[in-house]
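Assemble the dimeric complex from its two separately framed chains, guided by the hints.
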Amino acid sequence: MSALTFTLRQKAVQRIDVSCLTPEKVAGMSLDQIRTLPIHQGNRQVSVGELFAVAGGVSDELVFSGCSQLDHVGQGMSTGRIRVEGDAGAYVGTAMRSGEIVISGSVGIFAACGMRGGTLTVGGNAGDFLGGALPGEMRGMRGGLVRVLGNAGDRAGDRMRRGAILIGGNAGECCASRMIAGTIAVFGTIGERAGYGMTRGTLLCATAPDRILPTFNECGTFELGFLTLLFKQWATLGAPFAELSGRSPRVQRLMGDLGAGGKGEILVLR
Amino acid sequence: MIINGVSIDETFAEAFGMRGTRLIITAHDLTWARHAAVALTGFATSVIACGAEAGIERELSPDETPDGRPGVSALLFAVSSKELGKQLERRVGQCVLTCPTTAVFAGLDAPEKLPLGKTLRFFGDGFQNSKVVAGRRYWRVPVMDGEFLAEETTSMVKAVGGGNFLVLAQDQVSALRACEAAIGEMRKLPNVIMPFPGGVVRSGSKVGSKYKALPASTNDAFCPTLRGATRSELTSDIGSVMEIVIDGLTDTDVRAAMKSGLEAVCRVGAAGGVRRISAGNYGGKLGQFHFHLREILA
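Chains as they are written, first to last, in my numbering: chain Y, 46 to 315; chain E, 16 to 313.
Excised from the complex, chain E in its bound form (with noise of 0.2 Å):
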């Protein structure tokens, strides 16, 4: 399949489940929102070792808010309950709890819950007040610029992680360009992050490594430095490689996300410098989600 003179690869990209949720961060104003949304999601592009992976959604107008102020939504992932319970409460306590005038609610309302307020309001002192409004609990804890204001709980649901596709580019400049393209596009989707920086990732790594301690390493058949010294994927003109990574809150979320950024991707083809199209995968044996390539553009 050649799209604009883009070669898309006879591949598929394996995806795994994840336990997803969605908080609404309002603030004062929407730089208070943006700023309390981008430490939560902060250091949040992996798993392996960031215990969650995280991205602002979108930003929301008041009338989209239960506080009716300014607001973004954010979307957090992680591995198990557990551990997203676990994330949820460092990342809520020590980003949003701080940042001056927000407030925190749940932005999915779904059977399994996870607590939000319900443990963080501790740091009230016992000053802590609860509210039930329209039979949700919001816990009231004074902070030293008035009240922090969180739902007790948050909705959690099954989701999808490690949607993927790798851009191969005749250079550095022109894969970049086709990402940042893809991106735009990407992030007018809801119920999806990329949450690499920029949405974009150049170190797309294998499983495991010659060094015992570590459980993953660099992609090497993808490196354009490695084309003479290892078993490459990559033909000679190819000169950069890079990948954008998905996190949806299902697999219908992330094969739309997926689509509108390999079409934007295809749209800037050939003449921008784009030379394939392929995707990250372990042989479909570890996830339980594939996307093909081919399908999606087809």
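Here chain Y stands alone, though its shape is the one from the complex (with noise of 0.2 Å):
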């Protein structure tokens, strides 16, 4: 069966919220009912057929044409996939429990916040907070898989619990900050004050930082076996992160934030 399409009518001047379309949300609903859902645009509540040409079969798989206004694509969603093509905005994949999302483009900030599993995947460029903490929560992403392939913004990992968050490009400031658990790994450069605050948690590194915080501390370099595991596990993810596989797990290790019980770890690949 095909997939579900939503085509912008015209080009969005206010921000979309598209949670309420996900898979199971219009489960079982014919195209004239989907329509007619409620969908709110700026502070405005309109139907999603106002905005949206809905069109294809009704099927466990959303499409929908690319737009950095779209907020919250897939928000808390729990099964299916849904595709964007093109740009994505704000908040995409928080909360979400299971299934697939996948970005042709480039989201914005506090993509996969509070994210406890399924997969999202970016084709270009995420913005700050991916795979954090929304404003007032303790914790981050809780489990799930994250693949960047372009750059992240600022505070990549922010308080992140558990999962992984794969970065092909670039990271900006303060990536894993106050991680808690789980694996960030950066395969370009990463920015300035990396792992502050971690307490534990791994971020993995393919390019050394140009400058480390003083409150990590050099551990030596080390073949660590739960590394083998890993990159045996992202074998399927295509490039970069695929190109792992088979490596040696050989990596320095430093320890910190010593600021914040100093269990975390950030490992650069030798």
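One or more of the hints may lead you astray.
Claimed, not checked - Simulated restraints on C-beta separations:
1. Y:Ala284 - E:Gly199: 43 to 51 Å
2. E:Ala54 - Y:Arg295: 49 to 57 Å
3. E:Asp44 - Y:Gly162: 47 to 55 Å
4. Y:Ser47 - E:Asp140: 53 to 61 Å
5. Y:Ser47 - E:Ser76: 40 to 48 Å
6. Y:Arg295 - E:Ser76: 16 to 24 Å
7. Y:Asp255 - E:Asp140: 29 to 37 Å
8. Y:Lys70 - E:Glu98: 47 to 55 Å
Stated by the list, open to error - Lysine-lysine pairs mimicking DSS-like chemistry, simulated, CA-CA at most 25 Å apart:
9. Y:Lys277 - E:Lys133
10. E:Lys97 - E:Lys128
11. E:Lys300 - E:Lys225
12. E:Lys300 - E:Lys221
13. E:Lys133 - Y:Lys308
Keep in mind the hints are simulated off the structure, nothing from the lab. None of the values given here were measured: they were computed from a predicted structure. Glycine is no exception: its CB is placed at the ideal position from the N, C-alpha and C atoms.
And the structure:
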């Protein structure tokens, strides 16, 4: 069955909250029913049909024509697949539990915040607080896999608790800040103050950060067996993530942030 | 039934329900994986006094192990889930955690779980870390050679212990050679171990003893030196008896191993000094699995 497609009728001038359009929320609805669903644009409530041309068959795959004004794509989704052709806005995949979201372009701030499961793939760049905690929440991402082929903004993995964030490009400042657990891998360069306030968890870097916080201590260079398992898991994720498969798990290990317990680690591939 | 001059008794081996698990131990090279596995499965010949019956199932190439290093798979069996859990914790804690470069992983996937790294992690004294990879949790315990990696749990299954057969030969050497031939074939099969030294046991036992403290004692009916002093099962042409005990993950596995071993003994035949094959049982009242020799060889 073909995917259910949502094409914007005209260029969005205000932000659109598409959290009402997830595979489980439209399951069992006819196209007409979906068109009459209420949706918020800016501070107004309109119907889905006013904003989008809805077509295709009702299935567990939704496709949006991309627009950086589309917020909350796949929020809280627990099944199925959402594909965005182009960019998406803020809060993509927040509190997502299962299923798959694929964004061919870039996403805004707070993508994958509070995510609990499933996979989010971003073909372009991601904004600040990728996989982080929403303001007021004590924990960020709690499970699942986020894969960003481009760059990530500042504070990626802020308060992250579980799961993995793979960044194919560069990461901004304060990557893994206040991280509680989980794994972040950065295949490009990494910004200032990586691991700030990190209590536990792993930040894996392909290249050594230019400067390491003084609250991180050098432990030496080791072959860590768990990395082989991670690399094997990433072997199916395409370049550059799959390129680590079969590679020696030899890394330089730095432990910190000593200002926050000091049991986190920054691992630099050697 | 007589095969190649070997008389097959019309009897059966009586086996019992047990709990079993498989562990995969990897290391920097096969030598160290084997060191750990040998220690893990040491002093595990009989549940009567060892708490567990264990053995090395086979060696694994790097492409067969989770972390891509050479490894060994070992099977452990015990009489209850509780005892198996206790034995697992003790044996892995003392023999694998301690062995340089090793890591340990679950070798079975079943609903019932036993703690593995879940309890061993506390050796890390708060410095331990866990990682969830592909839905499975692994514990990283800092140790003096680097990190000990252990999967959080291993699976436990209902298993079968105590499959057996007796090789009755004209003399000790003939019995030994026939048993060696049988073990050589049986070790090629998956899901089974022969827990006694070299896979062979010479001290088959009967239930009870004249001494109140002993639950089992020598099987005098099969002791050749007592032929004239007890109600012997041995004719005058039998000079030595040895037994092979088999534990397996299923009764099908035990049956397949018995068949393979019995056929190997029969190939040695009368020309090799083998006279009879028999089996140990308790009248069929204690064990839930009965392996009839003639049915297996039919």
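These are the hints, each one checked on the structure:
1. Y:Ala284 - E:Gly199: 43 to 51 Å: Since Y:Ala284 and E:Gly199 have Cβ atoms about 48 Å apart, the given range 43 to 51 Å holds.
2. E:Ala54 - Y:Arg295: 49 to 57 Å: At roughly 28 Å between Cβ atoms, Y:Arg295 and E:Ala54 fall outside 49 to 57 Å, so the hint is violated.
3. E:Asp44 - Y:Gly162: 47 to 55 Å: Violated: the Cβ-Cβ distance is about 38 Å, outside 47 to 55 Å.
4. Y:Ser47 - E:Asp140: 53 to 61 Å: holds (57 Å)
5. Y:Ser47 - E:Ser76: 40 to 48 Å: holds (46 Å)
6. Y:Arg295 - E:Ser76: 16 to 24 Å: holds (22 Å)
7. Y:Asp255 - E:Asp140: 29 to 37 Å: Hint holds: Cβ distance 34 Å, inside 29 to 37 Å.
8. Y:Lys70 - E:Glu98: 47 to 55 Å: holds (51 Å)
9. Y:Lys277 - E:Lys133: holds (23 Å)
10. E:Lys97 - E:Lys128: Measuring from Cα to Cα gives roughly 11 Å; hence the hint holds.
11. E:Lys300 - E:Lys225: holds (22 Å)
12. E:Lys300 - E:Lys221: holds (14 Å)
13. E:Lys133 - Y:Lys308: holds (19 Å)
In terms of the numbered hints stated before, the structure departs from hints 2 and 3, listed from lowest to highest.
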